[in-house]
Amino acid sequence: MAGSSLLSKSDRRVMYGMVGVPTLLHVGLVWIPAIATILLSFTNWNGFRFDTMKFVGLQNYIQLFTVFEKDLYEALLNNLWVLVFLFLVATPMGILIAYLLDKNLRGTAFYQSLFYFPVVLSLAVVGFIWKSVIYSPRQGVLNVILGRTAEGDQISWLGDSSFLIPLGDYGLSKNFLALIAPMVWRHVGYIMVLYLAGLKSVDPSMKEAAAIDGASEWQLFRQVIFPSLKPVNVVIMVITVIEALRIFDIIDVLNNPVGTDVLSILVTESILGESSNVGRGSAYGVILLLSCLLFVVWYLRNEFRGLEEE
Amino acid sequence: MAQVALDNVNKIYPNGFHAIHDLSLEVDDGEFLVLVGPSGCGKSTALRMVAGLEDISGGELRIDDRVVNDVHPKDRDIAMVFQNYALYPHMSVADNIGFALKLAKIPKAEIAERVAKAAQTLDLTEQLDRKPGQLSGGQRQRVAMGRAIVRQPKAFLMDEPLSNLDAKLRVQMRAEIAGLQRDLGVTTLYVTHDQVEAMTMGDRVAVLKRGYLQQVDSPQNLYESPDNVFVAGFIGSPSMNLMNCRLIEHGSGLAVDLDGSLLALPDDTLGRNSALRAFVDKDVVAGIRPEDIEDASIASDAPSDRRIRTSTTLVESLGSEVIVHFPMTVSPFQIMDAEFEGEDAVAPATDDSGNYIYTGRLNPRSTARIGNEIELAVDTSRMHFFNPQDGLALRD
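Top to bottom, those sequences are chains G and S.
Counting from 1, position 15 in the first sequence corresponds to residue 15 in the numbering used here; the numbering is continuous, with no gaps.
Counting from 1, position 198 in the second sequence corresponds to residue 198 in the numbering used here; the numbering is continuous, with no gaps.
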């Protein structure tokens, strides 16, 4: 190893420290809990005393797909709704705003801060803001605008779990859509900042070349800028999928109204709720993990195929 | 193919910077015109205005007698080659070259045919399926050229297309582009800061400085009779020696007094250039090209009153020639202009005793050695004279 022989003893010590400490943290905080979750999903345990832990095989999973079938599918579908809305509404909006701001309009910095502001807030805070300012039945912005603030005439934005889009026994409930709105609001700013950074890296003469080649604004974006920003697009896709799958805090702080379960809520509910069933919670966690893996594997396969082509 | 004409074109940026002053230029049908000048002279701005990438603040731009000041770039029917090539990184070479045709909704079969033909011309057939990232610098340059020629536009605009290539490739591509332009006969406006490129490629060369057009002429005329000290100093390498001196009567003719040492001018000087008459016994700027200086031991028939006795501070032997640097007490002319005074003021080179350094380009047989005494013969019939007040050439 020619490279390592150039390092002095103290260099090496620093190097091991810098690689070792993060590795230990990563193993301790990510890998051990993940493996523990998988193991625990095959047990029946109340989470208090280890001697009550019992190996039950696939029982938890069998229950998930029978007794708790409705909970599971509702949660999975809700996660999917979040993904759909982040992808089809928030991401295009974020990209559009970034594209407009990249034109160096007057006051770009102001708009940029304005749209990015929700991102610096935690989703829990965002939830509270929307709950009390927008959705509050008596003094919320929506009901005031609609003139529905009188007792008995109020719209309960977060309480109405009837389906807006029914799909058989499941669907998109009205209150879950009300929860998706602030997620979208926040995600727009996130995407905008990421995309703006990408757009700043686009060679300006490439845009000029396209203009001279005869590209309209839309053709310029669709055929030149968007495909040339593939690395940024991939990052945005990964972030959007992860955001959609791990969504939790905003629902939890709004007291998890009926019809708004997602996978991460089921995990916490099962473990910390009245039933306090660590095994079942872990099984939900494993399903969440598998959903992520499904995406990661697909993504890595694409990436490696891309690398081989180059 | 077309004629491109700029008529008193001005460019003033929103911050008030006046980048181009009343630029009037005509590029004839099929002509290769080079815009050259130091950085910041406005040459790229001028080109970008022709392309439609910059607004024109005043004056008129015509392509084929049609005023195109407010016409969108894509409707001007011009093709541009950028300094960094500006290729589309995600598209194959074929798609890069054919992109404009695809946007113009030309049938696929015809696109393929035209792309193949352009690729053949540029020796890119093997690379058509590759992405720009997999190509060498020279190949990318060719793709950029291919993108321009495949469109058969009215004019080519090239913005320093060779400056990202290494020296050897640059010389090769220089010849290729010039040859290609001659074959295709497309009107071309070419921007460069490299005067060698300008001189070797252009049918005519326009020299710009700080947004003002200095002179437009054939390369040979620019070299032979520069209109002012700036053009004199800019064209030619090494640069012309420009000395502050006095024009005096000497015997039956004239001489220049270089701070004590005299250089006699040929007897017919006044006959050829009567403008000098008004400057007898006055200060002038004398310009001597390094190539008009020779080692006196080689040019042994040079008259003794056309020689400079000096020493050498540096001798650069290039094989085909020897460049000598020699000190003189006479000061060099410094190009100043009122508006930007001081900005350009690079202190002239001096030796240890405060003498100013000039250059000569000698025959390789010269025996000049660093630090030795040397006698240099000057071909005074080829000297240039300028008015020290306005820097303009003194000629009829």
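To be clear, the hints were calculated from the coordinates, so they are not data collected in a lab.
Where hints are given, some of them may not hold.
[To be verified] Below are the DSSO-like pairs computed for lysine-lysine, each with C-alpha atoms no more than 27 Å apart in a straight line:
(1) S:LYS131 - G:LYS200
(2) G:LYS230 - S:LYS105
(3) G:LYS207 - S:LYS168
(4) S:LYS74 - S:LYS105
(5) S:LYS154 - S:LYS117
(6) S:LYS282 - G:LYS207
(7) S:LYS117 - S:LYS102
(8) S:LYS168 - S:LYS154
(9) S:LYS102 - S:LYS131
(10) S:LYS131 - G:LYS207
(11) S:LYS74 - G:LYS103
(12) G:LYS200 - G:LYS230
[Said to hold, decoys possible] These stretches of chain G come out as covered by chain S in the derived footprint (C-beta under 8 Å, 3 or more residues):
(13) 208-219
(14) 222-231
[Said to hold, decoys possible] Label pairs and their in silico Cβ distance ranges:
(15) S:ASP166 - G:THR23: 41 to 51 Å
(16) S:ILE12 - G:LEU114: 30 to 40 Å
(17) G:GLY159 - S:LYS105: 52 to 62 Å
All values derive from a computational prediction rather than experimental measurement.
Ideal placement from N, C-alpha and C gives every residue a C-beta, glycine not left out.
How the hints compare with the structure:
At most 27 Å may separate the alpha-carbon atoms for a hinted pair to count; LYS131 (chain S) and LYS200 (chain G) meet this at roughly 22 Å. The suggested pairing of LYS230 (chain G) with LYS105 (chain S) holds, with an alpha-carbon distance near 26 Å, which does not exceed 27 Å. This hinted pair does not check out: LYS207 (chain G) and LYS168 (chain S) have alpha carbons roughly 30 Å apart, beyond 27 Å. Among the hinted pairs, LYS74 (chain S) with LYS105 (chain S) is consistent with the structure: their alpha-carbon atoms are about 14 Å apart, no more than 27 Å.
As the CA atoms of LYS154 (chain S) and LYS117 (chain S) are separated by approximately 19 Å, the hinted pair is consistent with the 27 Å bound. Restraint check: the Cα-Cα separation between LYS282 (chain S) and LYS207 (chain G) comes to about 56 Å, which exceeds 27 Å; the hinted pair is violated. This hinted pair checks out: LYS117 (chain S) and LYS102 (chain S) have alpha carbons roughly 16 Å apart, not beyond 27 Å. As the CA atoms of LYS168 (chain S) and LYS154 (chain S) are separated by approximately 30 Å, the hinted pair breaks the 27 Å bound.
Taking the CA atoms of LYS102 (chain S) and LYS131 (chain S), the gap is near 18 Å; set against the 27 Å cutoff, the hint holds. Of the pairs offered as hints, the one joining LYS131 (chain S) and LYS207 (chain G) holds, with about 18 Å between alpha carbons and a cut-off of 27 Å not exceeded. As the CA atoms of LYS74 (chain S) and LYS103 (chain G) are separated by approximately 19 Å, the hinted pair is consistent with the 27 Å bound. Taking the CA atoms of LYS200 (chain G) and LYS230 (chain G), the gap is near 14 Å; set against the 27 Å cutoff, the hint holds.
Here's how the segment 208-219 of chain G fares: 9 of its residues keep a CB closer than 8 Å to some CB of chain S, so the rule of at least three is met and the hint holds. Here's how the segment 222-231 of chain G fares: 5 of its residues keep a CB closer than 8 Å to some CB of chain S, so the rule of at least three is met and the hint holds. Roughly 44 Å separates the CB atoms of ASP166 (chain S) and THR23 (chain G), a value that falls within the hinted 41 to 51 Å. Roughly 33 Å separates the CB atoms of ILE12 (chain S) and LEU114 (chain G), a value that falls within the hinted 30 to 40 Å.
Checked against the given bound of 52 to 62 Å, the beta carbons of GLY159 (chain G) and LYS105 (chain S), roughly 55 Å apart, stay inside it.
Violated hints for the displayed structure, listed by number in ascending order: 3, 6, 8.
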